[in-house]
Structures are given as structure tokens and as C-alpha cells.
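Turn these sequences into a full structure, and let the hints steer you where they fit.
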Amino acid sequence: MRISFPLSAIKGVDVDRTDLAREVVKRAERAGASAAEVLIREGTEFSTTIRMGAADKLHQANFRMLGIRVLCGNRAAVLATSDFSDASLHEAIRDAIEMAGAAGEDLSAGIPNPDLHDPHAPSLALCFLAASQMTAEAKMNLAKRCEDAALGYDPRIRNSEGATFEDSLIEMTFGNSSGFFASYFKTTCSLAVSPLAEQDGLKQRDYWLSTHLDISLLQPPEELGAEAARRALRRLGARKVSTCEAPVIFDPLASASIMKHIADAVSGTALLRKASFLTGKLGTRIASPLVTIYDDALRPGGLGSRPFDAEGVRSKCTTVMNRGMLDSYLLDSYSARKLGLKTTGNSNRQPQESPSVGPSNFYLKAGDQTPKQIIGSVKRGLYVTELIGFGVDIVSGNFSQGVAGLWVEDGELAYPVDEITIAGNLKDMLTRIEAVGNDLLPLGEIFAPTVLIGRMVVSGN
Amino acid sequence: MDGMVSAALSRGGDYADLYFEFRVRDILTLEEGILKNATKSISQGVGVRVIAGDKTGYAYSDGFEIEEMLRAAHAAGQIALAPGAVPAPPIAVSRSHPHDLYQVPRPLIDRDLTEKILLLQEADRVGRGYDPHIVEVRAVLSNEKKHIQIHGSHSDTTCDFQPLTVFQVSCIAARDADRQIGIKGGGGRVGMEFFNSRPPSYFARDAARQAIMLLSAVEAPAGPMPVVLGPGWPGILLHEAVGHGLEADFNRKQLSAFAGRMGQKVASELCSVVDDGTLPYRRGSLNVDDEGHSTGRTLLIEKGILRGYMQDRLSAHLTGCAPTGNGRRESYACMPMPRMTNTFMLPGESTNEQIIRSVSKGLYAVNFGGGQVDITSGKFVFSASEAYLIEGGKITRPVKGATLIGNGPDVLTRVSMVGNDLALDEGIGTCGKDGQSVPVGVGAPTLRVDEITVGGTTQG
Numbered sequence: 097m098r099i100s101f102p103l104s105a106i107k108g109v110d111v112d113r114t115d116l117a118r119e120v121v122k123r124a125e126r127a128g129a130s131a132a133e134v135l136i137r138e139g140t141e142f143s144t145t146i147r148m149g150a151a152d153k154l155h156q157a158n159f160r161m162l163g164i165r166v167l168c169g170n171r172a173a174v175l176a177t178s179d180f181s182d183a184s185l186h187e188a189i190r191d192a193i194e195m196a197g198a199a200g201e202d203l204s205a206g207i208p209n210p211d212l213h214d215p216h217a218p219s220l221a222l223c224f225l226a227a228s229q230m231t232a233e234a235k236m237n238l239a240k241r242c243e244d245a246a247l248g249y250d251p252r253i254r255n256s257e258g259a260t261f262e263d264s265l266i267e268m269t270f271g272n273s274s275g276f277f278a279s280y281f282k283t284t285c286s287l288a289v290s291p292l293a294e295q296d297g298l299k300q301r302d303y304w305l306s307t308h309l310d311i312s313l314l315q316p317p318e319e320l321g322a323e324a325a326r327r328a329l330r331r332l333g334a335r336k337v338s339t340c341e342a343p344v345i346f347d348p349l350a351s352a353s354i355m356k357h358i359a360d361a362v363s364g365t366a367l368l369r370k371a372s373f374l375t376g377k378l379g380t381r382i383a384s385p386l387v388t389i390y391d392d393a394l395r396p397g398g399l400g401s402r403p404f405d406a407e408g409v410r411s412k413c414t415t416v417m418n419r420g421m422l423d424s425y426l427l428d429s430y431s432a433r434k435l436g437l438k439t440t441g442n443s444n445r446q447p448q449e450s451p452s453v454g455p456s457n458f459y460l461k462a463g464d465q466t467p468k469q470i471i472g473s474v475k476r477g478l479y480v481t482e483l484i485g486f487g488v489d490i491v492s493g494n495f496s497q498g499v500a501g502l503w504v505e506d507g508e509l510a511y512p513v514d515e516i517t518i519a520g521n522l523k524d525m526l527t528r529i530e531a532v533g534n535d536l537l538p539l540g541e542i543f544a545p546t547v548l549i550g551r552m553v554v555s556g557n
Numbered sequence: 023m024d025g026m027v028s029a030a031l032s033r034g035g036d037y038a039d040l041y042f043e044f045r046v047r048d049i050l051t052l053e054e055g056i057l058k059n060a061t062k063s064i065s066q067g068v069g070v071r072v073i074a075g076d077k078t079g080y081a082y083s084d085g086f087e088i089e090e091m092l093r094a095a096h097a098a099g100q101i102a103l104a105p106g107a108v109p110a111p112p113i114a115v116s117r118s119h120p121h122d123l124y125q126v127p128r129p130l131i132d133r134d135l136t137e138k139i140l141l142l143q144e145a146d147r148v149g150r151g152y153d154p155h156i157v158e159v160r161a162v163l164s165n166e167k168k169h170i171q172i173h174g175s176h177s178d179t180t181c182d183f184q185p186l187t188v189f190q191v192s193c194i195a196a197r198d199a200d201r202q203i204g205i206k207g208g209g210g211r212v213g214m215e216f217f218n219s220r221p222p223s224y225f226a227r228d229a230a231r232q233a234i235m236l237l238s239a240v241e242a243p244a245g246p247m248p249v250v251l252g253p254g255w256p257g258i259l260l261h262e263a264v265g266h267g268l269e270a271d272f273n274r275k276q277l278s279a280f281a282g283r284m285g286q287k288v289a290s291e292l293c294s295v296v297d298d299g300t301l302p303y304r305r306g307s308l309n310v311d312d313e314g315h316s317t318g319r320t321l322l323i324e325k326g327i328l329r330g331y332m333q334d335r336l337s338a339h340l341t342g343c344a345p346t347g348n349g350r351r352e353s354y355a356c357m358p359m360p361r362m363t364n365t366f367m368l369p370g371e372s373t374n375e376q377i378i379r380s381v382s383k384g385l386y387a388v389n390f391g392g393g394q395v396d397i398t399s400g401k402f403v404f405s406a407s408e409a410y411l412i413e414g415g416k417i418t419r420p421v422k423g424a425t426l427i428g429n430g431p432d433v434l435t436r437v438s439m440v441g442n443d444l445a446l447d448e449g450i451g452t453c454g455k456d457g458q459s460v461p462v463g464v465g466a467p468t469l470r471v472d473e474i475t476v477g478g479t480t481q482g
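Chains as they are written, first to last, in the working numbering: chain A, 97 to 557; chain B, 23 to 482.
Here are the computed distance ranges between Cβ atoms for each label pair: (1) B:E241 / A:K370: 21 to 29 Å; (2) B:F86 / A:R118: 25 to 33 Å; (3) A:A127 / B:E215: 31 to 39 Å.
Hints are computed from structural coordinates only; laboratory data are not their basis.
Ideal Cβ placement from N, Cα and C applies to all residues, glycine included.
Here you go:
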């Protein structure tokens with residue numbers, strides 16, 4: 097069953113994009129391509145920010161992009177355009193074939209084996225129309241309630257970067273020369289607020305958010321505002337600590353940022369460039385036995401869920417790490433061919449990009465300790481709530497980042513800290529994971545529970 | 023176009039503008055000695071903005087179909103009905119005096135593929151030949167041309183044509199279990215002539231040199247120490263430590279650690295910092311900003327005293343200041359904000375050698391990856407990708423990458439020596455703010471910062 101009405105309701109016409117994909121593939125083949133692949137991303141987005149109780153920004157748009165990837169034998173090129181007119185598509189196909197002619201002969205270039213497509217895949221529940229049917233005023237009201245709750249939480253909260261509500265509806269359409277043509281719709285929405293706490297002339301900011309495919313699952317705005325306020329308030333009076341070695345606990349947002357680097361390091365794109373510290377580590381133990389990581393493109397309600405990837409390969413759940421063993425990389429058909437492995441359905445290229453690999457719902461499996469138990473197990477150490485900077489190199493594994501958080505004394509959160517860094521190497525950090533929390537919180541496509549790393553260098557005074 | 027502006031303002035509002043953009047971009051990637059990825063994308067559209075008091079409504083359409091554009095105009099105009107706080111003073115009529123900063127008759131995007139591939143192949147050859155431990159070389163050439171046209175309800179129509187090129191080489195070196203990457207790139211709003219003074223071999227050799235150097239690097243030190251920043255790209259310190267904090271929107275909203283500090287001392291008197299969008303052929307330069315204002319040179323810090331903020335139309339208007347030509351946006355899909363162009367510190371009198379010699383134990387950092395700042399607390403980081411220990415006034419051993427962390431409002435008060443060797447970066451900087459990326463430049467002479475915390479792993 098095709099759910100065509102969301103976009104047509106906005107556009108006023110019912111357009112079946114798989115027809116366009118079919119047409120473009122056919123024309124590319126006629127123009128001399130030995131194979132072609134079309135990816136269309138089209139949708140509508142809305143965003144509003146309320147700041148200090150009043151409307152600040154209102155943003156709405158319809159967007160679209162069509163990308164065609166042609167293969168002339170083993171030479172490939174990608175051309176993308178936001179202009180879907182006949183003349184523009186004609187030109188795009190012509191340019192793509194010309195560019196492919198200049199590209200190098202690449203024996204691994206191609207489209208996926210046809211049996212990896214599944215025309216009868218069960219549909220995932222990814223499209224929830226409640227948000228797109230709400231008025232702009234109702235959405236602004238959600239943001240206002242959220243910011244009001246943050247501003248009213250404590251007299252030390254006197255300013256705010258605002259509260260933002262966003263929602264989008266996207267249709268992804270895919271088609272290729274194997275005759276696989278399919279599309280799916282997906283909605284997302286999010287509510288976030290970023291209040292400022294101020295004391296003794298010093299300011300601290302923090303934020304909290306909730307994001308789901310279905311607006312009815314969003315955390316209530318009042319709860320979200322209060323949580324953001326608590327996070328900003330507990331940073332007041334932050335100080336530096338002395339340089340030392342210490343156990344480091346990462347809250348779910350901070351540990352998700354560590355997972356992001358792991359996702360990059362297991363991606364086929366990095367591996368075929370030998371640009372990962374996990375090059376050649378498949379099938380070996382690389383992490384503590386507490387570490388099990390999945391990439392699950394079929395996770396119900398997952399922000400990264402999809403029926404097929406950007407090459408039309410059917411989705412599945414991949415066990416990336418199993419109790420510390422590196423079980424699988426994340427691969428698309430190109431990196432798989434190149435590395436002599438099978439694609440895991442992780443092509444995540446956008447219409448205008450060349451093939452690249454990325455996670456779907458990539459997460460660290462929850463453990464059984466509560467965050468409180470984990471903090472309680474640390475005599476003296478650091479609890480990280482925010483990581484900043486670009487000091488992570490997945491080629492060497494070298495890790496050095498700025499952090500903000502709280503200092504732990506005798507198993508309790510004692511006082512806030514900032515202007516310090518933590519450093520180590522991802523290789524050691526993975527093996528030193530000593531506890532994994534039970535508080536898995538999907539606030540993005542990559543997520544994780546609280547994690548304790550036994551020892552890192554904290555640099556401060 | 024006037025019809026669309028009227029449609030945008032049909033429900034009220036003080037100002038509306040249309041931003042038309044047509045952009046072509048290509049990216050060519052050479053890996054394993056072959057041109058593996060060739061991509062080209064064409065995007066066009068119009069962004070409609072309506073300002074009502076301090077509120078902004080924005081909508082865009084992909085493409086130039088009249089109905090879509092009118093739909094966008096009406097959508098943006100909705101903001102005028104939203105409850106707001108600030109009454110609107112009248113907006114002044116602006117007139118622009120465009121520069122002509124990038125005369126590139128034939129931008130690289132319009133050149134033959136074969137010419138461009140030759141550049142990549144030279145880099146590949148030189149990178150691989152540099153040392154037997156280089157196991158992978160990747161060279162990427164990305165080019166763009168952008169036509170923009172801005173039509174405002176209170177101003178003239180402004181046009182610009184903006185070419186942009188970046189050439190980047192990364193080399194991976196491996197020895198035993200150790201694996202390191204070196205990256206070098208450059209570019210600007212330039213044509214093929216750029217490569218006369220900076221041939222592909224220049225980038226390839228330096229990327230390979232960095233990767234090999236890192237194979238023998240020792241762990242970086244941890245803790246506070248004097249840090250000497252080399253000239254050029256280390257100017258990213260200014261971008262993070264003070265640049266973002268001096269963007270007018272953050273100050274108007276009292277979100278910045280620099281809010282309310284105009285006229286106060288925020289740096290040592292050796293420090294004068296400017297943002298200059300008018301440097302010919304530079305990556306961060308623009309003839310006009312994305313709101314149609316001519317770019318300029320804005321004095322941010324003069325001999326340690328805070329003198330100015332970088333403004334866009336909205337913030338300038340609400341605070342009664344003149345626009346500074348810093349209203350920028352990533353594309354027609356985004357609303358403009360105050361953004362940096364080329365931000366750098368003016369030269370002082372010391373030589374690089376004098377500055378290094380003055381440090382008995384510290385760090386000399388010459389290349390950086392990215393940086394980030396929390397504009398509210400003022401805490402900023404930037405990550406060194408090439409750095410050396412200074413011991414007894416001499417550069418000794420290379421160290422592995424480390425993040426430096428400091429506090430924006432006081433780090434420049436600790437600058438005790440400024441070099442006479444001002445250099446700008448090679449043209450690779452991209453700045454992100456609120457999810458929007460724009461090309462920028464940074465620069466600085468050699469600087470001595472008396473104390474900054476280095477986030478390495480070696481204590482004591």
C-alpha cells in the first residue's frame with residue numbers, strides 16, 4: 097500500500113516518485129549507462145523557536161533533490177539536481193555519463209546483487225501524520241510551554257537560547273537497473289530547550305531534548321523544560337580540577353558521542369581507506385566483555401529505521417560487537433566487495449553524494465546497573481555531561497576532548513567542573529569499560545546508556 | 023519580484039527579502055591511484071524572509087516556479103501574526119558598494135575534467151613517493167560556483183558570483199600497529215592560477231610529512247603550560263575564543279560571555295583583532311554578504327579593548343548599529359545570521375625565534391584540526407594536529423594530537439608576545455553555527471600564551 101497522501105496534501109498533486117525514478121533509470125540506460133541508480137529525497141520541514149516567551153523564528157519549506165548514479169562498465173559518477181524538469185534531468189544524465197567516462201576503472205564499482213532487494217518487505221511504521229496536521233500556532237505553543245517551564249523552574253534561570261520545535265516529513269524513493277523501485281515515508285519531530293543559569297555574574301547553559309518519529313511520544317514540554325533547567329543549574333560554580341588519572345563516567349548523551357566515533361571507525365568507508373584504528377581487527381576482541389553494539393535498521397520507532405538502505409538493500413539488524421568481540425563492520429555493497437565481505441545494508445549516501453557508509457540505529461546494549469549504582473561505585477572521579485571539540489582521530493584512536501560535568505567524591509556527585517579535558521586512546525577506552533548502565537535513551541540515531549571507563553587522564557590545573 | 027515581496031509582507035512585518043541562489047558544485051576524489059568518485063550537484067532556489075520586530079519568518083522553495091515561490095512568501099509572512107515582544111523601529115534603506123574581490127574568469131568548476139584529474143594525480147604520486155610507510159593517499163578537489171541575487175523591500179537588488187575551490191590531500195602512514203593521518207589543504211575564491219604558487223605536490227608532501235612525523239610522536243603533556251602558536255591556521259584560537267562570542271546575535275540576546283563588555287579590556291594590549299571580508303581571493307571573503315550589504319573590515323579588539331561586534335541586518339537594526347556585512351547563510355534554505363569572514367590578529371614586533379626561545383618548558387603548536395566554543399560559559403577548545411615540545415627554549419620532540427582548552431574572555435589577556443609574521447590560513451576553514459556551514463578564514467602571527475591547559479596524557 098502506498099501512502100501517498102502526506103506530500104500530495106502539501107503539494108496539491110499526487111505524484112508517484114517511483115514513476116520518475118523509473119523514467120530516469122530508463123533514460124540513463126538509453127544514453128549509454130550500463131547500470132543506473134536513482135535516489136530521490138523530497139519532503140517538507142517546519143521549525144519554530146520561542147525565546148523569552150515570544151516568537152523568535154518560524155521556518156518552513158518544501159525541499160527535494162534527485163541524484164542519479166551511473167555506471168559505465170566499472171566507472172561511476174553521481175549527478176544531483178533539485179530541478180526535476182525534463183531539460184534538467186536530460187542534462188544531468190548527459191553530464192553524469194560524461195563524468196563517468198573520465199573516472200577511473202574501479203573493479204569494485206557496481207550496483208548491489210539483485211537478490212539483496214526485497215520488493216515484498218513488510219512496511220515499517222515510520223510515518224505519523226499527527227505533527228504535520230497541527231497548526232503552526234499549536235507547535236509554537238508546545239515550544240512556549242517548554243521554555244516557560246525552564247524559565248519558571250528557578251530564579252537563577254533568567255535567560256534562554258529558546259525552545260525549538262521541529263518536524264519533518266520525508267519521502268525517500270529508490271530505483272535501479274535491477275528493476276527494484278520503492279519508496280517510503282518517514283516523519284520526525286523534536287522539542288528542545290536551552291536555558292541559561294546565572295549566578296555571581298557567571299553564566300552556564302545546558303539543554304535537553306526529546307525526539308521521536310511520532311509526536312505523541314515526545315516527553316511532555318513541562319518535564320523537558322524542568323530537566324533542561326536542572327542540567328543548567330547544576331553547572332553553576334563550575335571549576336577546574338587538578339590534572340590526574342581518574343575513572344570517568346559518561347552520561348547517555350556523552351557516551352552516545354563516544355559511540356559516534358566507534359560507528360565511524362567500523363564504517364566500510366573508513367576501513368577501505370585504512371583510515372581506522374579497527375583496520376584488520378574483525379573477529380578479534382577489542383573491547384570489554386560488557387560491550388555489545390547493534391546497528392538495527394528495523395528497530396521499531398527508531399530515528400534511523402528504514403525498510404532499505406540508499407542502495408535499495410533490505411534492512412536488517414547487525415551485531416557489530418558481541419561481548420567485546422568485533423563481529424561485523426558496517427558496509428555498503430562497494431566497501432563489501434572491496435573488503436571481500438557482504439553488505440550489511442548500511443549505504444547512507446544522500447542523493448548528491450558518492451557511495452558512503454553510515455549507521456542506522458547504532459547503539460550500545462544496556463547493562464544492568466543503574467546510573468546511581470555506577471556513580472556510587474566510584475570513589476573519586478569525573479562524571480561527564482558534555483564533550484566538546486574535534487580532538488578525536490579514528491585513524492590512530494587518539495582521543496582528547498574538552499569536557500563539562502561533575503566531580504565525583506565518595507560515590508556522590510560533589511561539584512560541577514569545566515575547562516578541563518580528558519585524554520586517552522579509543523583502543524584502551526574500549527577495553528577499560530567497567531560498567532554499562534540500564535538507562536539506554538534513544539535521543540538520536542546513535543545512542544548509549546551511562547558508561548564507566550576505568551581510567552583516563554583528566555587535564556586541568 | 024516586487025509581487026513576491028508584497029505577498030511576504032501582506033500580513034504585516036517591517037522588512038522582507040528574497041534570496042535567489044543557483045549553485046553548482048563538483049567533488050572529485052582520487053583514491054588508490056584512481057578517480058573513484060566524481061559527483062556534481064546543482065541546486066537552485068529562493069529563500070523568503072520576513073522580519074517583524076525581533077521575529078523572523080523564513081521559508082524557501084527548491085526551484086523558481088512562481089506558485090512555489092509565492093507559497094514560500096506567504097509561509098514566511100505568517101511570522102507577522104505571531105505574538106512578539108519588541109516593537110519595530112523603521113528600517114533604514116541600505117545601499118551597497120560592491121567590491122570585486124575575486125576576478126576568476128574561468129572557475130575550476132567550468133574546467134575540463136582531465137585538467138582537474140591531473141592535479142589529483144600529481145598529489146597522489148608525490149604523496150606515495152614521500153616515504154615507504156605511506157600506505158594510502160587520498161586527494162579531493164571540490165569546486166563550486168554560486169550566483170546569488172538579493173532583493174529587499176528597503177534596498178537595491180544586489181548580485182554576486184562566488185567561485186570557491188578547495189584542494190585537500192590526506193596521507194595515512196602505518197608502522198606496526200601504529201596508524202597516523204596527515205592532512206593538508208588549501209584554496210579560496212580562486213582559479214587555476216592558484217596552483218602556480220601552491221602546486222598539488224606542496225599539499226601532498228606536507229600531508230605525508232605530518233603523517234610520518236606522527237609515527238615518531240610522543241604522548242602529549244597534560245596540564246597548564248605556556249603555549250606558542252605558530253603563524254596562520256592557529257588563528258583558529260581567535261575564531262573560537264573571541265570570534266563567536268562577538269557575533270551580535272549572541273550579545274543582543276545576552277547569551278555571550280562578552281555581552282555588555284564593549285569598551286572593556288578583554289585582551290592584553292598586544293592584541294588587536296579584526297574580521298575582514300574584503301581580502302582578495304580569500305575563502306572567507308565576499309563582495310556582499312548574504313543580505314546584500316558590502317563586506318568590510320571590522321575592528322573587534324583594539325590593543326586589548328573590545329571595540330565592535332559582527333552584525334547582520336536584524337541585530338544591527340535592533341541595537342541601532344550599522345550592519346558590518348557579516349550576515350551570512352549556508353544556502354537559500356537557511357536564514358542569515360551574524361557570521362565571521364576572515365578573522366585574524368594584527369602583527370606585533372617579536373620574531374618567531376624570540377618567542378620560542380622565551381619558553382623553557384611548553385608546547386609549540388603549528389597545525390590544528392577543529393575547534394568549538396560554548397559561547398555562554400566562554401570555554402573553548404581547539405585540537406592540535408601537529409605540535410612539538412619546547413624544552414629550554416628549543417623545539418625538541420613532536421607530540422601526538424592534544425586538545426587545548428581555555429576561557430575565551432581571559433585567554434587573550436595571557437598573550438605576552440606577538441610575532442611580526444602574520445599569516446592567514448591556506449583556505450580550508452569551514453565554520454558551523456546552528457547547523458549552518460560557511461567558508462571562513464583565520465589568521466595570526468606567532469603568539470605566546472603564558473598559560474593554557476593542554477589535554478594530553480603525560481603528567482608532570
